[in-house]
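Heads up: the sequence lines are chains A and B, in that order.
Positions 20 to 131 (the numbering used here) are the ones given, in order, by the first sequence.
Positions 86 to 199 (the numbering used here) are the ones given, in order, by the second sequence.
DEER-style ranges, computed between Cβ atoms:
1) A:Val-63 <-> B:Gln-102: 27 to 37 Å
2) B:Gly-138 <-> A:Glu-34: 42 to 52 Å
3) B:Pro-146 <-> A:Arg-57: 24 to 34 Å
No lab work stands behind these hints, which were simulated from the structure alone.
Computed from a predicted structure; not experimentally measured.
For every residue, glycine included, the Cβ atom is placed at its ideal position computed from N, Cα and C.
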Amino acid sequence: GQQVMQIPQYQHVQEGEDFTTYCNSSTTLSNIQWYKQRPGGHPVFLIQLVKSGEVKKQKRLTFQFGEAKKNSSLHITATQTTDVGTYFCADRNTGTASKLTFGTGTRLQVTL
Amino acid sequence: NAGVTQTPKFQVLKTGQSMTLQCAQDMNHEYMSWYRQDPGMGLRLIHYSVGAGITDQGEVPNGYNVSRSTTEDFPLRLLSAAPSQTSVYFCASSRRDRGNYGYTFGSGTRLTVV
Chain A
20 GQQVMQIPQY QHVQEGEDFT TYCNSSTTLS NIQWYKQRPG GHPVFLIQLV
70 KSGEVKKQKR LTFQFGEAKK NSSLHITATQ TTDVGTYFCA DRNTGTASKL
120 TFGTGTRLQV TL
Chain B
86 NAGVTQTPKF QVLKTGQSMT LQCAQDMNHE YMSWYRQDPG MGLRLIHYSV
136 GAGITDQGEV PNGYNVSRST TEDFPLRLLS AAPSQTSVYF CASSRRDRGN
186 YGYTFGSGTR LTVV
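Just chain B, same shape as in the assembly:
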């Protein structure tokens, strides 16, 4: 199993450009989430999904869109990049049941907006 795969690993965007961060998991996990990590701010939830066709907003959703057309994929779209969106983005997935299961994180995408 590859786990959670994020692409690209690094990206530089100009202000106003749009792009999609890709996230795919092969563990048949129902739950998927996107987080951003900024220095001193911990991880903040952007959007999340409990299953295909269902998404909801997290703590910091402005400027981002998501969709979940399949169980495996959960892309994050930046509509019009701003310097404030410079961050490390992590995608994560988890099983639905409440046992001792945590989230599996991808290796992250380092995004710089200039």
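Next up, chain A with everything else stripped away, as it sits in the complex:
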């Protein structure tokens, strides 16, 4: 079956540094969604990318969809302590749009 891997598994940065997590799929992605989960919390939807090469920005967050639709990335500029959490990518299968296949997640720790 489809495997969606994220690297790194864990990253610890100092506040103000940049952060990037990469999402790679063994098969072509349909629509990629990104979620953030704070420690002890539940996943919260951030954004969806649907087109090859698409780039979307949300304040300090930049999301990219690869040209071949087999990878995606999330970049955070100048991290803040409020960015702490685990970031998941998820493939939303357009054939059965109710199914999400989640990536393995990247846990971000930010210290002052």
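Mind docking chain B on chain A? Use the hints.
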């Protein structure tokens, strides 16, 4: 709107016991799903539903049953609890259309099977 409500928040079961995890949403979402989250394993899909009366299996359905008699409710039943089912369970719902809409997750149920 309350969003997605899961009950209970915490539960301890003995091996072999059965129970139902409740999930209700008030957003009139067509799609609902159940996930389990284990350390280092991400979120894995247990069962999902595209509408009332329609359910299907996800990646890890064994040991769990679901039903969807109404749009609002999607309970998850553990038939005979096993220690391997110790996990955090999340219910989620979404609109059917393909716009920039993600899933809304409930706050989760932490289940321990002893």
